[in-house]
Amino acid sequence: MSVSEKKYHDKFLYELTTRLGKVKGTRWLRFLTVTLLFILFVIWIGNPWLLLIWLLLFDIYLTQFIPWSWWKKKKGVTRTFMAWVDAIVYALVLVYIIFAFIGQNYKIPSSSLEKSLLVGDYLWVSKVIYGPRVPQTPLHFPLAQHTLPILNTKSYIDNPQLAYHRLPGLRSVERGDIVVFNFPQGDTVLSAFPTEDYYMILNSLTASGVKNAREFVKNNPGKFGNIIVRPVDRRENYVKRCVGLPGEFISMSNDTIFINGKMIPEPENVQYNYIIPVKGAISADKWKELGVRLEDAGPEPLKNEYTGFQFYSVPLTSKMKKIVETWPEVTDKLVKETESGMFMTGGVFPLGNDYGWSRSTTTPFWIPKRGATLHLTLNNLPVYRRAIETYEGNDVKVDGNGKIFINGKQTDYYTFKFDYYWMMGDNRDRSLDSRYWGFVPEDQIVGSPMFVIASFDEERALTEKGKIRTDRIFINANPDKEKFKK
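Each residue of the sequence shown is one higher than the one before, starting from 311 at the first, in the numbering used here.
Quick caveat, the hints were computed from the structure, so don't treat them as lab data. Being a predicted model, the structure only gives us computed values, none of them experimental. Fair warning: there could be bad hints in the mix.
Just the calculated beta-carbon pair ranges, DEER-fashion [what the hints assert, rightly or not]:
#	residue 1	residue 2	range
1	392	464	36 to 46 Å
2	723	520	26 to 36 Å
3	392	680	13 to 23 Å
4	573	350	43 to 53 Å
In silico DSS-like links for lysine-lysine, alpha-carbon gap of 25 Å or less [as the list claims (entries may be wrong)]:
#	residue 1	residue 2
5	713	727
6	589	629
7	793	425
8	528	707
9	598	417
10	589	643
11	632	793
12	384	334
13	707	572
Heads up, the beta-carbon is just placed ideally off N, CA and C, and yes, glycines get one too.
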């Protein structure tokens, strides 16, 4: 060590010991508490490189070589402004950590889980239960999923992108769990139709005779808008009930779900759409009293233009159905929409393939399991291709002789990297779920709702009775779960 280096070294040690000597005992206590919590957090994360952040904590709490609190010596507007900035930054960091690793609030936006969960329910979703994902898109604004309100711009920065890693949780996903997850087909979105399924739009265009739907959409931005690609953890959040687990065989027959050939129970409040023949309109108040959303019932009954037959197509629980059957406006028996022959029930997963499946009936098929190997055939490839190609990042091709190639290598077998789940809504005939877009991979699981924080009926005025559903505040978000353990 040279003389100049020794002098610098001695000066630094003197400055360090002087600063540490001035630190009060209460600040040491706060520093040691934060250090302990931080070390436990790093152990949980499993990434020792994060320990480098401890040096910042050491400086913030003890040495303050970086003048973190320079603004406290100022007066007037500067001090006031920086005090607010300091408080907001601390709050955002705390919210980021809580939302990323502990849990977050979630609003039910659609009726797909009614009457188990209602539109307007605000839920507390636990991320600890299945183990939180380490943020794959770490640079994001914690209060927005993918778009900043008002500004209408992305709420995240695409890079860096981290590999999928889930921390230890309390348990894995179980049958009957209500699960919040990132929409598997939400990787691509059209700006003109931000809430629509991009792949269903492509399938609809193909069915209408468009030869290359992708190119057609790309070449018509005036109609479809820009094509937006979103990372896994910045896609829309969906909430459904898990009915099929990794490694199981699942099938449906007239709305009854079978797992490995055995019928599984239905949630108590499961709903099906019924055709309700009527002689006239049913009042909005009557639908409200029954618990049917006006959005679902519609302002007037539907009418067959040839026969004059008037009817409603409304989702009902078995209890609600019995009540409706007694109404004087009803002229005949109620029939399930799927059994009426009046509506199309196809267009289901896998899109563009004809297995003869409908939203109420499928033949048995296997749900992929991590580490399990599947014998691939041209017949079953459409069911598993998106999982292999999109979710697990492989290139899949089929040559003119019907041979399957994965990453350029001909093979008839594939071993899955992820566990997959089959998710469905309790409002069976008005739920966009796995029947339409297939499996949910484990890397897109967010968490499970624990309780309802608050609940508001969005179809009632602010001053109208029943606007705030006081009977739902702090109730269990999944009372039907025990039924699936029997």
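**Message:** What's the verdict on residue 528 and residue 707, does the C-alpha distance respect the 25 Å limit or exceed it?
**Reply:** Answer holds: residue 528 to residue 707 is near 23 Å, not above 25 Å.
**CB-CB spacing for residue 350 and residue 573 relative to the 43 to 53 Å hint** = Given range 43 to 53 Å: holds, Cβ gap about 45 Å.
**Pair hint residue 707 and residue 572, alpha-carbon separation not exceeding 25 Å** = Violated. Residue 707 to residue 572 sits at ~35 Å, over the 25 Å cutoff.
**Request:** Mind checking the alpha carbons of residue 589 and residue 643 for me, to see if they're no more than 25 Å apart?
**Result:** holds, 13 Å
**Message:** Checking one constraint from the list: CA of residue 589 to CA of residue 629, max 25 Å. Satisfied?
**Reply:** holds, 22 Å
**Request:** Decide if the proposed pair is consistent with the structure: residue 384 and residue 334, CA atoms, cutoff 25 Å inclusive.
**Result:** Distance ~23 Å between residue 384 and residue 334 Cα, so the pair holds.
**Request:** Decide if the proposed pair is consistent with the structure: residue 598 and residue 417, CA atoms, cutoff 25 Å inclusive.
**Result:** holds, 21 Å
**Item:** Distance restraint evaluation - residue 392, residue 464, Cβ atoms, bounds 36 to 46 Å
**Value:** violated, 28 Å
**Prompt:** Is it true that residue 723 and residue 520 lie within 26 to 36 Å of each other by Cβ?
**Reply:** holds, 35 Å
**Prompt:** Given the hinted pair residue 632 and residue 793, is their alpha-carbon gap at most 25 Å?
**Reply:** Given that 25 Å is the threshold and the Cα spacing comes to 23 Å, the pair holds.
**Message:** Against the range 13 to 23 Å, how does the distance between the Cβ atoms of residue 392 and residue 680 compare: consistent or not?
**Reply:** violated, 50 Å
**Request:** Sort out whether residue 727 lies within 25 Å of residue 713, counting only the CA atoms.
**Result:** With a Cα-Cα distance of about 22 Å, the restraint between residue 713 and residue 727 holds, given a limit of 25 Å.
Violated hints for the displayed structure, listed by number in ascending order: 1, 3, 13.
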